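Residue strings, one per chain:
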Amino acid sequence: DAGVIQSPRHEVTEMGQEVTLRCKPISGHDYLFWYRQTMMRGLELLIYFNNNVPIDDSGMPEDRFSAKMPNASFSTLKIQPSEPRDSAVYFCASERVGNTIYFGEGSWLTVV
Amino acid sequence: RKEVEQDPGPFNVPEGATVAFNCTYSNSASQSFFWYRQDCRKEPKLLMSVYSSGNEDGRFTAQLNRASQYISLLIRDSKLSDSATYLCVVRRMDSSYKLIFGSGTRLLVRP
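Residue numbers (the numbering used here), protein chains in the order written: chain E, 1 to 112; chain B, 1001 to 1111.
Fair warning: there could be bad hints in the mix.
Computed cross-link-like contacts, SDA-like style, restricted to lysine to any residue with a CA-CA straight-line distance of at most 25 Å [to be verified]:
id: 1; chain 1: B; residue 1: K1042; chain 2: B; residue 2: V1109
id: 2; chain 1: B; residue 1: K1098; chain 2: E; residue 2: E44
id: 3; chain 1: B; residue 1: K1002; chain 2: E; residue 2: G59
Everything labelled a hint here was simulated from the structure, so no lab data went into it.
Keep in mind it's a predicted model, so treat the numbers as computed, not measured.
Work out the full structure: start from the sequences and follow the hints.
Set out below in structure tokens:
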């Protein structure tokens, strides 16, 4: 069974550009989470979905960040416009309720 | 104050040593507790769940003290391959389904 699949694995972009990160959760999982990890702040929950519906986006840092889940097998996290302080590893994770959460390998974002 | 607090370390120990990590959580509504392991430049992976009665998985023992809001992880007979960051994780018992991660404790096991 394939795990959580994220793309791109690495992205380097210039300040002001739009960044789109993609995630395919594990089939049958009804929760999807987007986390951001930095050395300074650790692993922070940005937003999570239940059955494709956003439940809590209180962790989204500001209006430049948006996330969508148009169907059960796909989600995007978009940053527009990107800033150097957005440089981080962005993890997508999925879970079947009551079971273990599984993380993707992460998208390593550098904004210069 | 962070909802889940851990000593960042690093803990630098020789092979074969016993090492213990501690974690405190501030939200009394926390329901479920876990230890995750994260290797350098990798994603976090579940190491073990933590049960009220304490539980053991091979060389790893986890303890929970709800009254003190305290979780621990004990690693016996440390191996070089145990070198990683150990993340304390709690899930709340409220309307949210959030997993809250501590910042992690880094362990270095030397030959």
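Results for each hint:
no.: 1; hint: K1042/B / V1109/B; result: holds (18 Å)
no.: 2; hint: K1098/B / E44/E; result: holds (11 Å)
no.: 3; hint: K1002/B / G59/E; result: holds (14 Å)
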